[in-house]
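Enquirer: Since each chain sits alone in its own frame, please combine them into the complex, following the hints.
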Amino acid sequence: MSKQKEYVKLPGQGRSSFGVVTAIRYSLWLARDHLLAVMNQGYSEDYKRFYFRDIQAIILQKTSAGAVANAVLGTILFIIASLTAFGYERKWDTVGLGFLICFDTVFLLCLLVNLAKGPTCKCFLRTAVQTERLYSLHRVRPAHRTIKRIREAVEAEQGILTSEYVTAASQMEYEKTSTTQGLPARPMPQPVQSVHETVRHYNGRVHLILFCVMLADSITSCMSILAPGTAIKAITSLATLAALGLTIAAILKQRRSDIPDTVKAITWSTLANIGVFWIIGIVYGSILVFSAAIKSGRAITTTDQPPTPLIVILTILYSAISACLAVLGTSRLLKFRKESAVPPPLIETSQESDSSGTLNSGSEQ
Amino acid sequence: MAETNTSTLSCVVCKTAIPTHFYNSISAMPCTKCGAFLETTVFPAIFRAPETGVAPETLTIESESSCFYHANKKAATVCENCGRFLCTLCDVTIANRHLCPACIESGQKKEKIPHLKKSRVLYDDLALSIAVLPMLIFYFTIISAPISLFFSIRYWNAPSSILPRTKIRFVIAIIFALLQILGWTALILYLVLKK
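Heads up: the sequence lines are chains F and U, in that order. Counting from 0, one number per residue, gives the positions in the first sequence under numbering that gives the first Met the number 0. Counting from 0, one number per residue, gives the positions in the second sequence under numbering that gives the first Met the number 0.
Careful: at least some of the hints might be erroneous.
[To be verified] Rough simulated footprint, nothing fancy, chain F against chain U, three-plus residues with beta-carbon under 8 Å: (1) 18 to 26; (2) 35 to 45; (3) 110 to 117; (4) 124 to 133; (5) 153 to 164.
None of these hints come from the bench; they were simulated from the model. For each residue, glycine too, the CB sits at the ideal point set by N, CA and C.
Next comes chain U alone, as it looks inside the complex (with noise of 0.2 Å):
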């Protein structure tokens, strides 16, 4: 079985190989098999081979320094969250820093490490909806008006998208949320004051 290029691009068609020196060409180029036009802008790591983690030594010397979790590992760098050590199994560089699989998993939970967000929730946004969809029937709004306001104010300190973005949704959220309570209380006044 012939052993797998992994250094060589494929058409995003047919998965055919696409010859070299289609490789950064000026104007698309078809592709061999199925003729789909590509442009290919390639970088040096396609050639570069993949990073091999270096094993752990083992500890001889007992006064030497020992990774915390594994006692028998020799200890290669220190945590630069909580100052343990680590053997180079245990180091982990993310955003080249090193860091143990334990801080990791706190600062992926406590949203400290930002490389490792995934998601968020964009509370300003569902404000913001909240506040000005059920305008479409009014009724609606009776609820939906508190119901923006609690979350404009619970999660106005929250953690937002990690891209440049403002409150601005908040603030019209609120003032949206505010003019229609107050719109509510002024009929529901008229209303009974009129009986």
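Just chain F, same shape as in the assembly (with noise of 0.2 Å):
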């Protein structure tokens, strides 16, 4: 009973890149005053203690593993579920169909495992002589909840650290390095002006996803020219609706943030896209509904008609808009990463000393 009051576990449960294979396995644990990290490896178990008193830091790196593991997954299933939706049209074998739906099912579970567990993360503890992984936390959602339960445990024994203390306490090591290295002191410069103070950054995540859907929506859209059948349009369908939720979902993430304004202007000309499109085609799908069920006496669905010139024509044109303001906004977008990713110059990034010794008067804050 006294054991069980001693440690009190931690969100989280991860496993090494061998751990497949190995069976280790990693766990995290929170004691009186200390954080216990578990390493089993089946039948012996190592521990590693972390006292709240010595803990300086926790880094969580943001990673794409999971986003990566979706679009492999997603890939793998669009293909599937093409081909299955492809077979049933042509009529093939109900063994054949039955193995594809079985993959599909498959990599359906794992892409919503996937999805649901979030994005991946990587996770570091920092002390004074060493910066430890912490492999149970790998997924941001049980990593957030994981951090903020040590960070009450920590800040309970250290207290908590104030914007006024780091600023000042950055200010004195700043100070005694210019002195020890023989230069004099001068004032810290400022730092930048963050501009996620008024505008927040954003990655664009939300939009790459919306860009990848709207390319897959105009391919189904032209298979659904060359092979029509009912799966294939259910797919289209399925696509575009998805396509729609993105771009509702990407118009919301975009306000107020700092993406180009070119891709917020593609993100609504996308809006407008499906928009306009879908009421054409519900509205002229529902002419032809209409007018070929008065002329045959009997109720006919969309499915039923063969594809008109005009369909034809106007999915032609809807698949080539999307694929290119998909194809603009990506390379847009992957431009936007990039360049978010190089810093400007900082303004104390070398301090060059002719040979007097002193500093040159070069750049301003």
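Expert: Dropping the structure here:
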């Protein structure tokens, strides 16, 4: 019973890169005065203790492993689903279709599980002597919960770090460094006004997903013309719905963000594109259905109708506009992401001294 | 050569110093060099100077207590385990207890100081695996069942994980092992009696 009170398990249980094969599992436990990192190798456990008074920082690095997994799973799922739809239309054998449907289900479940788990990350804990990776924290959501609990425990021991203290301590460190170098101390340059105080930084992830879905939508739209059928049309409708949902999400995300205006304009254009062609499709489709029903005297769905030349033209037009917007948006967004990774030149990057040992009076604040 | 600034955080990818105005930011900030998105939770310990030890005082008056390990140094405290006098050099604080180096070494070997325990063998997991895994190839259980039973009994009271853990694995391993032994016994008896 005393052991249960001594250690409390924190969220997250991870494996190392080879953990899938070697069954190495990591977990974090909270004690009264320290954090315990446990590595379970199956038949033995290794322990590392980090006392609260020694913990200097916890660093969470967001990674793209989850997104890459989503992209790969999604791509595979899309290919197999398209193959399944194609096979269904071509009336392939039941066994083969059954296999394809099983694969679809498996990949769909994997994709849904990965989506539900959320984005991936790496967590590091820093003390005076080491920076230790916390393998049990590899998803952002449980990592945030765990870091919150650790922070409460550490702040109870060390106190809260205020921004004034950070500035003052950094100034002292700066002056100390300047003095030991034999250089006259000078006031530390003011930190660059962060754009995050008024406009938040946004990496454009939702927009990237939207542009990928738009490309997929344009492909499936063209396929629905080449190989018309219920399944293909269902997939096309789903892709268009997904594109619409993502467009709305992207518009919400880009509000008061530093994403380029071009990308914002492309997002609004996407919404207009989907909206306009959707309305045209509903109106024209209704006209076709009603007129065919009146002619034949029975209820007819749009799937019963072969694509008319106008539908073909409209679909090609919609696909072309979608594809162009997606390509333009992706290229501009990738350029923005690359640019935002390169810092503007800092004022105090290098303090070269001339032969007299004095500072060059160069850059201004 | 510039003095290393140990009170700054570095990017975990490219080791570039993270600007102090990124500390404890609400959202992830991109590293100024590599662009990796980092969220930092920083505590006051990062700005705290490393603790320096106190040099032991030399014994000046003969009547004063001296350290057990350094006869010419003044005793500053007493080992809470063995009662020996210790100077500031020999005094080691673990979990708010003052101990001498000898007690630390013996405590670590005899596992009397839990805070020094760095690893534990999980005999219950081992016994359970020996009982269960060979069932995949059934014939191995004639050897593995007695081994599993031996492990379960021999290490029943051995120190297990320092985390909350019951002995259920030992119990399951014993049950499996006994059932396998009973099964093999019945099979052997049947074959012998059949002849």
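Enquirer: Please go over all the hints and tell whether each is borne out by the structure.
Expert: Hint by hint, here is what the structure shows:
Residues of the segment 18 to 26 of chain U lying with their CB closer than 8 Å to a CB of chain F number 7, which satisfies the three-residue condition for coverage. Counting residues of the segment 35 to 45 of chain U whose beta carbon lies closer than 8 Å to any beta carbon of chain F gives 11, which reaches the threshold of three, so the coverage claim holds. Counting residues of the segment 110 to 117 of chain U whose beta-carbon sits less than 8 Å from any beta-carbon of chain F gives 3, enough to reach three: the coverage restraint holds. Remark: the segment 124 to 133 of chain U is confirmed as covered by chain F, as 3 of its residues place a Cβ nearer than 8 Å to a Cβ of that chain, reaching the required three.
With a cut-off of 8 Å between beta carbons, the segment 153 to 164 of chain U has 5 residues touching chain F; three or more are needed, and the interface restraint holds.
Every hint, counting from the list given before, is met by this structure.
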